Amino acid sequence: MSQGVQVVGVYVRDQEEALKFYVEKLGFSVHTDARNGDYRWLTVQHPEQPSFQLGLFLPGPPVIDAATAQTVREIVAKGAMPPLVLEVDDCRAACEGMKTRGVEFTQEPIARYGSVDASFRDPSGNGWKMLEARKGAK
Amino acid sequence: MQAQDPELLRRLLRAKDRMDAASHEEWPVRRLAEVSHVSEAHFARSFKEAFGVPPHRYLLTRRIEKATALLRDTDLSITEIAFQTGWNSMGTFGRTFRDITGESPGELRARQKSASHQLEQVPNCYVAAAQRPGLTIAVSEKRRREAGDTMASDESEEAP
Numbered sequence: 001m002s003q004g005v006q007v008v009g010v011y012v013r014d015q016e017e018a019l020k021f022y023v024e025k026l027g028f029s030v031h032t033d034a035r036n037g038d039y040r041w042l043t044v045q046h047p048e049q050p051s052f053q054l055g056l057f058l059p060g061p062p063v064i065d066a067a068t069a070q071t072v073r074e075i076v077a078k079g080a081m082p083p084l085v086l087e088v089d090d091c092r093a094a095c096e097g098m099k100t101r102g103v104e105f106t107q108e109p110i111a112r113y114g115s116v117d118a119s120f121r122d123p124s125g126n127g128w129k130m131l132e133a134r135k136g137a138k
Numbered sequence: 139m140q141a142q143d144p145e146l147l148r149r150l151l152r153a154k155d156r157m158d159a160a161s162h163e164e165w166p167v168r169r170l171a172e173v174s175h176v177s178e179a180h181f182a183r184s185f186k187e188a189f190g191v192p193p194h195r196y197l198l199t200r201r202i203e204k205a206t207a208l209l210r211d212t213d214l215s216i217t218e219i220a221f222q223t224g225w226n227s228m229g230t231f232g233r234t235f236r237d238i239t240g241e242s243p244g245e246l247r248a249r250q251k252s253a254s255h256q257l258e259q260v261p262n263c264y265v266a267a268a269q270r271p272g273l274t275i276a277v278s279e280k281r282r283r284e285a286g287d288t289m290a291s292d293e294s295e296e297a298p
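Protein chains in written order, with my numbering: chain X, 1 to 138; chain G, 139 to 298.
Because the hints were derived from the structure by calculation, they are not lab data.
Capping the alpha-carbon separation at 27 Å, the derived lysine-lysine pairs in DSSO-like fashion look like this: (1) X:Lys78 to G:Lys204; (2) X:Lys78 to G:Lys186; (3) G:Lys204 to G:Lys186.
Quick caveat, the model's predicted, so the values are computed rather than measured.
Whenever a hint applies, use it, and build me the whole structure from the sequences.
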């Protein structure tokens, strides 16, 4: 695939903390980690999804002003950012593994609507729904 | 609105998440404040400022949301649903349900069952959130307004 969405970012409160979370606890790998002064362009990638990058961005100057950045940090910490969905083969197994690595689950795996789903948050407050792929779907 | 410390907000969110995960349980402010590592007085004030509603009222909306889903998606009896979603009294459940949604549990069930389901492609928690009942005023206040009654408030009526 040569066309499509390449990067979607989430705002995080601390890029180092987010990097450790997505790499060490979720198994992502670093795609790009480029610094320019205080600015850091940081993206990670799911091991099975090479064409997509998840950006881990710090809200702040020079991209956005300090007051706006404070508002964004509040919104993230309140869990008010848009939904994120991670698809996995086995939701219960993934949940168990992530829990042993210290991931904060906000909903235990529940079987419903022909699938299994659970919820967790990253340290900043971004909320993920973890969905088990429906057998035979797509 | 004043700026709130993101670190505090993150801890308040944890308390909100805990209510979401177990809305059928009792969530006195003391328990919630412990989750957020703040004093009870600080918790109640900060939670309302952060999320727009007092913690207790937030819990009520979650219980009604859950009851609504069970009415729609299961054949459990209304008594069983009331019990499962954390109500100790059928009277309080029925009254609060009607006050918040505008119809009784039985009416809602009948209407939902006849409606077609076109939301199957949307992860169900987001569907549930989108259909969450709004509760911007206290249940007792809503009741009073609808009754055209202007008597003094009795917040204790709001307790589930």
